[in-house]
Every structure is written in C-alpha cells, then in structure tokens.
Amino acid sequence: MVLHFMSRGEIAEYLGVSLATVKGYVDFPEPDVTVGRNQGWARETVDKWLQGRRRAR
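Numbered by our numbering, the letters in the sequence shown go through residues 193 to 249 in order.
Keep in mind that the hints were calculated from the coordinates and are not lab data.
Heads up, the beta-carbon is just placed ideally off N, CA and C, and yes, glycines get one too.
Cβ pair distances, simulated, as ranges: (1) Glu205 / Lys240: 15 to 23 Å; (2) Lys240 / Val194: 20 to 28 Å; (3) Val227 / Tyr206: 14 to 22 Å; (4) Val194 / Gly216: 29 to 37 Å; (5) Met193 / Thr213: 29 to 37 Å; (6) Gly201 / Arg245: 14 to 22 Å; (7) Val218 / Met193: 27 to 35 Å; (8) Ala234 / Gly208: 17 to 25 Å.
Here are the simulated SDA-like pairs of lysine to any residue, each with C-alpha atoms no more than 20 Å apart in a straight line: (9) Lys215 / Trp241; (10) Lys240 / Asp224; (11) Lys215 / Glu202; (12) Lys215 / Gly232; (13) Lys240 / Asp219; (14) Lys240 / Ala204; (15) Lys240 / His196.
Input sequences plus hints: build the corresponding full structure.
So, in structure tokens, the structure goes:
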C-alpha cells in the first residue's frame, strides 16, 4: 500500500484556489506528516477540514 500526502500546491489545485490562498487559511489543519521541511496532508484530512468549513457558513 502506497500512502500519498498532498503538498500545499496539490491542495490548492484540488480546491481550485491559489497557493497563496491555501497558505493564508488560518484554520488549516496541522500536517499529517513532516519530512525535513516538507509537509503533507492526507486527502481525508483536507476533506474533513473542508466539510467543517462548509458547515460553519
């Protein structure tokens, strides 16, 4: 099984927003993994965060 963690750039593409927008989200979850300076998020983490934002509106 291969795990894939999304970078901020991949998250921006997935959400259809700019990288600057993703970097500006103050309520964005902590990364699921950090390797050196690289951070990654599971798609499930991003989806759960997104659902929470939609419910809050």
